[in-house]
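Q: Once you have looked at the hints, place chain E on chain X.
Spelled out from the first residue to the last, the chains are:
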Amino acid sequence: MENAGTVNLEKNDVKMPSVSNPSNKPAVKSSTKMKEAFLYGFLGLSAVITVGFLLWLIAYVIIKGMGHIDISGLIAPIVTTIYMVGIGLGISVPIGIGTAIYLNEYSNGGKFVQGIRFATECLAAVPSILFGLFGMMFFVRMLGFSWSILSGGLTISIMILPTVVKTTEEALKTVPQSYREGSLALGASKFATIRKVVLPSATPGILTGVVFSTGRIIGETAAIYLTAGTVFQIPQSVMSSGRTLSVHLYMLAKEGISFEQAYGAAIVLLAVVLALNFLSYFIASRIGKTK
Amino acid sequence: MDIMKWVFRGCAALTIVAISVIGFFIIFNGLSFFTHTSLWSFLTGQYWLPSGEIFGIFPMLVSSFFATLGSVTIGILIGVSTAIVLVELLPAKLASILSKMIDLLAGIPSVIYGFFGLMVIVPLIKNNLGGSGLSLLAVIIILTFMILPTIIRMTEVSLKAVPREYKEGAYALGATRLQYIFKVQLRSAKSGIIAGIMLAIGRALGETMAVMLVAGNAVIIPENILSAVRTVTANIAMEMSYASGVHEQALFATGLVLFAIIIGINILMQWIVRRLDRG
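First to last, the protein sequences are chains X and E.
Numbers 74 to 364, taken from this note's numbering, label the letters of the first sequence in order.
Numbers 153 to 431, taken from this note's numbering, label the letters of the second sequence in order.
Same shape as in the complex, but just chain X (with noise of 0.2 Å):
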């Protein structure tokens, strides 16, 4: 670590004033070198801690899963990821966009306003089991519908509002004000300003918005697992209960009968996760571009 530490400090890009006082006692002196000589090597030690334990979770799970991709043996989880990420976003996307919409282009601040903000930033604190517990009584019990793809997917759907809402709003404020004055001068409605004017260059930001979204479906555990249920099926109906793959992961993890299958199971969520994310930057260097 201390080689970290030196080579960071040859590469000082700014020349260092000397601090070296002539009245200084030579002891003092080297004792300051001591401590920032081990503090350069508590920072760098620190990043390789971060980066290091990084590579080695991804390592794991691809050198240990490589052998064991099963596809036919996860198609039951995968389908059901995709239904329940369509129902999430199905019902988000709209709701949190047209939220956004509301608060960024058409209110002026009253307590509404106050009130939605507030709400949504509470929304986004509450950790995913208080949604689980929330979803398990109303959409389960309450509602009737039982362990099912409907109950898990209404239940995070709200659980991603506060997401989308958030990044729909970002995207509408890079927005330049005078494009909307632009098109309302030329006699354009105010929706139409936003449908063919403040939408389209709000696009990519909205939609690094809802891959992000996606990503967070596909791994979460906990308010999924009381809410959907984790019958291993091929799901029929969005009645039917079904296990999305992160609950397959965490019940065969669990259950310890076949690391194998788990192995299997981790390679190809992690491989549809860093596949989001690559998604995600190719989306942001696209709005890099159009600028």
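No lab work stands behind these hints, which were simulated from the structure alone.
Glycine is no exception: its CB is placed at the ideal position from the N, C-alpha and C atoms.
Among the hints, a few may not be true.
Computed footprint of chain E on chain X; a stretch qualifies when at least three of its residues, placed anywhere within it, have a C-beta under 8 Å from a C-beta of chain E [stated by the list, open to error]: (1) 160-172; (2) 192-201; (3) 236-249; (4) 287-300; (5) 328-342; (6) 345-355.
A: Below, chain E without anything else, positioned relative to chain X:
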């Protein structure tokens, strides 16, 4: 088209309704339990025996507290240091690659962390320190890496926001690079860093599935770092699927306590950040 305004307003109203219903549900269902057991004996009770209708969550609260304290402490040390390295010490290109890798760390599903913990960390603890390996220590290690991206990201952003003049001024006064980082930059970035830490506390407290896989889930007050523990969140997830009656209400009350703690942390965070920004 005024209709569209009302459509969008309707969406916004739906968002509020969804949130209020969740809040109402957890509060209402949780509160109704306290006619069975008083809040005080629920919070301080040492035994959790659903079949005997004895409900005390003190062991879970202690376990969650230590798991969060441990992971957040290590997470701050490693996370803030990593952010400093990314922002101040590494060349921009390398830093941006590492920064993207840290985004990846944030995107990895929690169940994979849990699985990795179960397969790698738990055996490591078992072979080197003894016990079953399913322990508070394993929970702390897994949680540390789960909250690192949050702390790093928030610290990174706030370190970058420190005006360049501060750096020039510090160097002009003869400060070394480290003196500038620790005495000037970190201090002026503290409100953002604290916000990141608070988010991390919320995440560590709320994590469920990864923790359940490595915790051992015994309802005991942990004696040492190798004890098996059950956190507040794990308690809900483990028993909800078969609970009914008073037992179910007790789980809702557990959820309510968690909810109250998280909202409390959020309010505290907003208060601290506002004070620091003003100061």
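Q: Please go over all the hints and tell whether each is borne out by the structure.
A: Going down the list of hints, with the structure as the test:
1. Coverage of the segment 160-172 of chain X by chain E holds [criterion: at least 3 residues with CB-CB distance below 8 Å; count 6].
2. Counting residues of the segment 192-201 of chain X whose C-beta lies closer than 8 Å to any C-beta of chain E gives 9; at least three are required, and the coverage claim holds.
3. Only when three residues or more bring their CB closer than 8 Å to a CB of chain E does the claim for the segment 236-249 of chain X stand; here the count is 1, and the claim is violated.
4. Under the rule that three or more residues need a Cβ within less than 8 Å of chain E, the assignment of the segment 287-300 of chain X holds, with 8 such residues.
5. With 4 residues bearing a CB less than 8 Å from a CB of chain E, the segment 328-342 of chain X meets the requirement of three and the coverage assertion stands.
6. Check result for the segment 345-355 of chain X against chain E: holds, 5 residues qualifying (beta carbon to beta carbon below 8 Å, three or more required).
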